[in-house]
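*Asks:* So the protein sequences, as listed, match chains A, B and C.
Read left to right, the first sequence gives residues 1 to 557 (the working numbering).
Read left to right, the second sequence gives residues 1001 to 1344 (the working numbering).
Read left to right, the third sequence gives residues 2001 to 2185 (the working numbering).
Hints are not guaranteed to be accurate.
Below, computed lysine-lysine pairings styled on DSS-like, alpha-carbon distance capped at 30 angstroms [stated by the list, open to error]:
| # | chain 1 | residue 1 | chain 2 | residue 2 |
| --- | --- | --- | --- | --- |
| 1 | B | Lys1335 | A | Lys432 |
| 2 | B | Lys1072 | A | Lys364 |
| 3 | A | Lys393 | B | Lys1340 |
Derived from the structure by calculation, the hints contain no laboratory data.
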Amino acid sequence: MRTLYKFHGGVHPPTNKTQSNLTPIAQAALPSKLLIPLHQHVGSSAKPVVEVGEYVLKGQRIGRPEGHLSSAVHASTSGTIAAIDMQRVAHPSGIPDLCITLIPDGLDEWIALDTCDDWTTLSHTDLRHRLREAGVVGLGGAVFPSDMKLYSHKHKIKTLVLNGAECEPYITCDDMLMRERAGEILQGAEMMRALLYAEEVLIGIEDNKPEAIAAMKSAVVAGNHQRMEVIAVPTVYPGGGAKQLIRVLTGIEVAAGVRSTNMGVQCFNVGTAYSAWRAIRFGEPLVSRIVTVTGNVSRPQNYDALIGTPMDELVAQSGQLPGTTGYIMGGPMMGVLMPSRQVGVIKAANCIIASSDKLFPTAKPALPCIRCTRCADVCPSELQPQELYWFSKAKNFDKAEDYHLFDCIECGACSYVCPSNIPLVQYYRFAKSEIWAREAGKKAADAARERHEYRESRIEREKREKTEKLAAKEKAAQAAKTPLQPVVAAANPDADPENTMQLKIQTAIDRAKEQAAAIKPKNVEQLTPQQQAEINDIEARRARIRELAKDNTDAQP
Amino acid sequence: MSGFFSPFITKPVSVSQIMLHVLLALIPGIAIYVWFYGPAILISLTLASITALVIEALMLKIQNKPLAPYLKDNSALLTAWLLALSIPPLAPWWLVVVGTAFAISISKHLYGGLGNNPFNPAMIGYAVLIISFPSHMTHWLTPHGLAEIPLSFPDQLNYIFHGMLPDGVRLDAVTMATPLDTLKTQLHLNTQLKDILEMPIYGRMAGIGSEWVATGFLLGGIYLLAKRLISWHIPAAFLGTLFITSGLFHLLDPSHHVAPLFHWFSGAAMLGAFFILTDPVTSPTTPRGKLIFAAGAGLLTYLIRSFGGFPDGMAFATLLMNICVPLIDAWTQPKVFGKKEKQP
Amino acid sequence: MFSALLVMAALAIVLGAVLGFAAIKFRVEGNPLVDKIDAVLPQTQCGQCGFPGCKPYANAIAEGTADINLCPPGGEEGIQKLANLLGMEFKPFGGATVPKPKSVAVIDESTCIGCTLCIQACPVDAIAGAAKQLHTVIVPECTGCELCVPPCPVDCISMIPIEENITNWKWKYPVYALTASKQAQ
Ligand code: SF4
Ligand code: SF4
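Next comes chain A alone, as it looks inside the complex (with noise of 0.2 angstroms):
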């Protein structure tokens, strides 16, 4: 038996898992359209490559990751593309972002996928490229980009944790996941396993999900892993936040801003092997996911749900019950309210909740903080949530910051059991983009101030030069006039000829250096690559105007 670890504090929220869990995973029918956001990953948003009117197979990719860290979005279905536009999305801020419409034509073709019966046949570099381009992305609601986080400088990584611990009450999306399909998501764990070099693999799951330690467990035995461990983790509320998960399993503490390989460890979520095995064994991108549909619903249950079904459309198909007063994707603790019901499911959707005053209920007028410490008790990063709340709430950042605000998971725990019902959460979240901002305002401030001295140093640098030409050209003025010259000229009276040709020509050039540089576009000395890149871009557009209008004129006559 394994030596477990705890750590500190913890809650036990109600769970409300055996409404959702009762029946198999229903494939979702297909909606009458999809809206696909370009943005539903960690990192740069990725840039449309299809054009409105545009036919597309499932799976073609609509989106091209961008930069280094991104990732690639695929049509969920066929059919075509409809709108390329700013559309309400899946985010607490109700703002819109960059999303693509799609209608589906009702065949749901694929296209052609890449599949591949040995992965070993792969390069790690190739199979990390395939991730990338099929859009694999954390699953378990941080979707940051998994070819990414396959990397393991140096072989260091010892433990692979696999988590299916779903800690969050409602959600049941992994526990069905494991129980249906644990043979395909250890496949993916070995893949991850070998991009990792790392020794054992870790799966853990709460206790209070039998069947799916029975099915990862005797998939494990099917399956013939070595170094492959199921374990069955206690229930406690944020078990399954990475972090928690790892100390658990491992007795390591990774501690805010410190990456988990660093100290051997990697983490990722059951759904994420499972989408990575399907990417590379079937050339399938991420277009589809597991949701659970629950709360204020006729039949809760799991679909196999395309990513950018409308929210309203899936939740339709669980049957929603009169009095739903909005959706909250995620669960209770951390999960968001949308700010639309139309907006399309993206990657990080796991579970979707219709609320109803019934099932949340308005929260109790907040009284002063009494200082009880129920919130440090139960906080699982060990902080102090009553200072933190004290100093966010006076808008004393600095002092947030020394108390270690950043160590905030927003797990909610504290929140959870404050008797004062103080939304101790929406503080912190408030304090943390305020700092954000305010540092990168910061930084916006010490550029200008930089190239602002830059610039006074450049133009003092000018008017120097210019007086120091002025005399001089005074002094040879003046030197012209005084009758010492022949002498001067005397003193060097068998000068080479080709000396004083080499001279002339020299002065022709430097004349000639000097009109060129008076046209020279200004301001480009102190450009990053960047800028650089936006200015070709301009300069580009430039050209293409002018063509055009070049066209134009010919066109005219």
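Since the structure of chain A is already known, use the hints to place chains B and C with the ligands on it.
*Replies:* Then chains B and C with the ligands, alone, in the frame of chain A:
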């Protein structure tokens, strides 16, 4: 919707419930009090409660805060009860009223109300009374059976509200100094400790009657611990320090220093350990801080009791340690997840 | 009695001397203070404070010749920071100086005649271009100072406020104020 942000669920626990449980935990002590000293204490509890609620409502009104959620939080009631239990029950009605009014208005609301007061309001009320009206604060009821003339309930009422005792009865005949006070005075008079403890007012461990009241509070405290409404740190550190210091002195000089159990079961020690020091608002939040805080209070209580000018040190020890709370908190911030030195 | 007075007087003198010495010894040197003030200023370099840039304004504040409420881009928060830094009272913006939403300059490329006047006006070299060629604002470098707007002979520069998007969106301060008026609703 419950706000618009996660977590969307909360544990059904509220400030008023917590306070209510603390009030409930006081009841065994109060019952024993009534048993030994008659129902006068119930009068002062009622007076204090009414005053507290009225003043609380008034202060909230002035500050334009909503009445209902704050009045229902039971915190004012708790302050009132703690104060009423700390002062002599047989005292003019205005004494407890003035004390409670001061506690709620000045030491709670002037500092920002619930959650913001640095000092324990009940102890501030007590301190104000003992400084302003020392004579009224020393006349404690004589326990049942010891009094020369037992006072009936109407007699007690009559004294509290009209300042009149039955004909021919002097105040001294129905009241006495506390066992702690008596001990101190007698030691000053160079009476042998052995002889002092022979006096009829002393029972098994401490004062007759009062030792049982303290036991009642101990029971209530155990209930609070079992319900996890308070953490063990404060009572353990307080009682531990009080025990160790008094034990040391007792060992060194048994003829002048009473045994530790005497200290535990006299005065406000039990009430303080479980109900006063544990007030979350005015005590540190970190576990280590709680230990330091309560140990300091235990030491100070002992020193004031043995060498200071006041009969009991609980109130002043609490207030002195209250001052240090921000400092203690700042010093004892625990290491957070992942930032500890040793890793397996 | 007399001796007590003497002791007190002596104590007072000694303490006074120590304080005076400390004031001389630990006086904030001129330059670090200017730098500290400059670090608080937003570096927009717009001159709206009446000085030719943030640094000169910082100098003036350090010398005590300028008020702390003259910098609109810094906003009230900027004033608050200056007040904290200098141990002064917060002072609200007076009269016409009001903070505006942060903006960037945008050059209308169809109107620009390539005169370079805006390039010369830009305090942070955030406009690229050459004579007789279109000019462009390098958006990330633009501080929104508006100094390039007036010199343009064809009025082709406009200030566009930066809009909130998903990346720069911030969580709002929780408003669960508990006031009597709210309860009445
Ligand atoms: S749980 Fe709430 S009331 Fe208690 S200390 Fe934490 S923030 Fe304060
Ligand atoms: S939300 Fe943050 S402060 Fe609150 S319990 Fe979780 S980690 Fe701790």
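*Asks:* For each hint, tell me whether it holds in the structure or not.
*Replies:* Going through the hints against the structure:
1. As the CA atoms of Lys1335 of chain B and Lys432 of chain A are separated by approximately 20 angstroms, the hinted pair is consistent with the 30 angstroms bound.
2. Among the hinted pairs, Lys1072 of chain B with Lys364 of chain A is consistent with the structure: their alpha-carbon atoms are about 13 angstroms apart, no more than 30 angstroms.
3. A hinted pair counts as satisfied when its Cα atoms are at most 30 angstroms apart, and Lys393 of chain A with Lys1340 of chain B qualifies at roughly 28 angstroms.
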